[in-house]
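Required output: the full structure, derived from the provided sequences and hints.
Here the protein sequences come in this chain order: R and C.
According to the numbering used here, the first sequence is numbered sequentially starting from 185.
According to the numbering used here, the second sequence is numbered sequentially starting from 350.
Some hints could be false.
To be verified - Lysine to aspartate or glutamate pairs mimicking EDC-like chemistry, simulated, CA-CA at most 20 Å apart:
(1) R:K417 x R:D561
(2) R:K436 x R:D556
(3) R:K422 x R:D240
(4) R:K434 x R:E419
(5) R:K271 x R:E238
(6) C:K380 x R:E606
(7) R:K422 x R:D556
(8) R:K452 x C:E401
(9) R:K607 x C:D387
(10) R:K452 x C:E390
(11) R:K607 x C:E390
(12) R:K607 x C:E382
(13) R:K263 x R:D591
(14) R:K434 x R:D561
(15) R:K436 x R:E419
(16) C:K426 x C:E401
(17) R:K557 x C:E390
(18) R:K534 x R:E470
(19) R:K304 x R:E294
(20) R:K436 x R:E412
(21) R:K452 x R:D556
Just so you know, these hints were derived from the structure itself, not from any lab.
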Amino acid sequence: MRRYSIVVAHKKTSIYPLCSEDKLRYSAFNILKQALTGHNGWKPAWRNPEPKPEYDIIIVGGGGHGLATAHYLASIFNKKNIAVLEKGWIGGGNVGRNTTIIRSNYLLHENEGFYEFSLKLWEDLEQDLNYNAMVSQRGIINLYHSDPQRDAYIRRGNAMMLNGADAVLLDADEVRRKCPFLNFDNARFPIMGGLWQPRGGTVRHDAVAWGYARAADQRGVDIIQNCEVTGFKIENGKCTGVDTSRGFIKAKKIGVSVAGSSSRVMAKASIRLPIESHVLQAFVSEGLKPVIPGVITYGAGHFYVSQSDKGGLVFGGDIDGYNSYAQRGGMPVVQDVCEGGMSVMPMIGKARILRMWGGIVDMSMDGSPIIDKTHIDGLYFNGGWCYGGFKATPASGYSFAHLIATDTPHKTAQAYRFDRFEKGGMIDEKGMGGQPNLH
Amino acid sequence: MIINHPLLGPRDASEFVVLGDASLIDRPNRKSETAARDFYEYQYLRNNPAGEHRELWFHEQGDRSWLVVTRNTLTHKITHVELAREFARSQGRSK
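Below, the structure written as structure tokens:
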């Protein structure tokens, strides 16, 4: 069989210097010192400040994207006097609810450059933050089950390589060597091979929120938890502050980064969005010995699986399909996901499901995100991440910081504009049209 | 979720396909001067409320009728179900 694949060696280069202002750096020396002194010297990883009456920049939403935005505003764009306002506690939303996969295996140019930028940021994240986020590049395999699907993956692999990502086309024997436990001889959907991205993998999701929070805090960002934004003060087309559950806070620029609740928050500024909120479920099995080498996605049903460092199989599938803010889904999707799992990987039937949960995602009208200014001066928006926001966290934060700091979109996020729906510039990776529950 | 079909009685939601906000019934007038803008808003913008939401469900694996289901997006509780045709007529549409 002819091989179409080329591996592009990834050169590891640091995009920015290490933080030099860290007060307490995590290091082997520090761990040893603390071990010898009874671990009494560790301090909280970030402060818990009272809100000031005024900030230069306020980020609404203390999830992964909001905290990353604050970090890059302070570290790359040298902004001062920044606050992150979080309704609950940081990392309690989707950054704590996802299935932790990172990858840049998109087809469309508008997406692939952005997600490849994100993957490069992931690769340097721990050095940048001085925080162990357990970035684990064990690879991701998208299985294919027919000749047309193989051809589509060849095209996708080439699109990835054109944007500097890595992609390898595997045939059935190569997949079998990596994952001998898969159901290769399924009569209807035989596994013919897979598109492999070796640099894909998983990251410890909570550590991403904590690492960004700690790094941003060390650069003076105020992370204010239990502070709900209840309104925007808008005068003469300009946003000059936010009403919160802890009082009015003035600001020159306000960035909203609350995917899942975008419509609810932006409605307070009388802005309707091209977004519906949907529930996406995820599952984890009991802890097992290492059985899966990386991330595997089924090409004939919506099912994907990886294994956490604790040993649980982490898997998921489709959104439930109806508008929801409930953070829990229904049994039909549970059944669908489990059927997908049994179809591609029958051994998963021996594992018991330990936990399942739901998160609320912004389903946009073309399945792609929005990072843009609004028509109100000083009010910026980041959302519409559908079910793929986690992998985007670093690039989303970087691009949103770029937009807020310079008032121009980052070069990898130029297509993520509000007006693309009106102008016909949809970024529709799955070709589904303006129907959010089909993306 | 169980949808109480006005003709068939209680049916499991998995028999249905959900289209979305029932405002999709109110197709704009294509002859209006603001048609381009109206259709953009009709097709792409949503209120996406947290709470009561009126939405279109299609009984694909049943009698293939279109329903307007009033459902709470915070609790998934369904409070009202009617045929989309009757809902549209009650809004002043001829059919």
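Taking the hints in turn, this is what the structure says about them:
{"no.": "1", "hint": "R:K417 x R:D561", "in the structure": "11 Å, holds"}
{"no.": "2", "hint": "R:K436 x R:D556", "in the structure": "17 Å, holds"}
{"no.": "3", "hint": "R:K422 x R:D240", "in the structure": "14 Å, holds"}
{"no.": "4", "hint": "R:K434 x R:E419", "in the structure": "12 Å, holds"}
{"no.": "5", "hint": "R:K271 x R:E238", "in the structure": "18 Å, holds"}
{"no.": "6", "hint": "C:K380 x R:E606", "in the structure": "18 Å, holds"}
{"no.": "7", "hint": "R:K422 x R:D556", "in the structure": "16 Å, holds"}
{"no.": "8", "hint": "R:K452 x C:E401", "in the structure": "18 Å, holds"}
{"no.": "9", "hint": "R:K607 x C:D387", "in the structure": "13 Å, holds"}
{"no.": "10", "hint": "R:K452 x C:E390", "in the structure": "19 Å, holds"}
{"no.": "11", "hint": "R:K607 x C:E390", "in the structure": "12 Å, holds"}
{"no.": "12", "hint": "R:K607 x C:E382", "in the structure": "18 Å, holds"}
{"no.": "13", "hint": "R:K263 x R:D591", "in the structure": "14 Å, holds"}
{"no.": "14", "hint": "R:K434 x R:D561", "in the structure": "14 Å, holds"}
{"no.": "15", "hint": "R:K436 x R:E419", "in the structure": "12 Å, holds"}
{"no.": "16", "hint": "C:K426 x C:E401", "in the structure": "9 Å, holds"}
{"no.": "17", "hint": "R:K557 x C:E390", "in the structure": "19 Å, holds"}
{"no.": "18", "hint": "R:K534 x R:E470", "in the structure": "10 Å, holds"}
{"no.": "19", "hint": "R:K304 x R:E294", "in the structure": "17 Å, holds"}
{"no.": "20", "hint": "R:K436 x R:E412", "in the structure": "19 Å, holds"}
{"no.": "21", "hint": "R:K452 x R:D556", "in the structure": "18 Å, holds"}
Consistency with the previously given hints is maintained throughout, with no hint failing.
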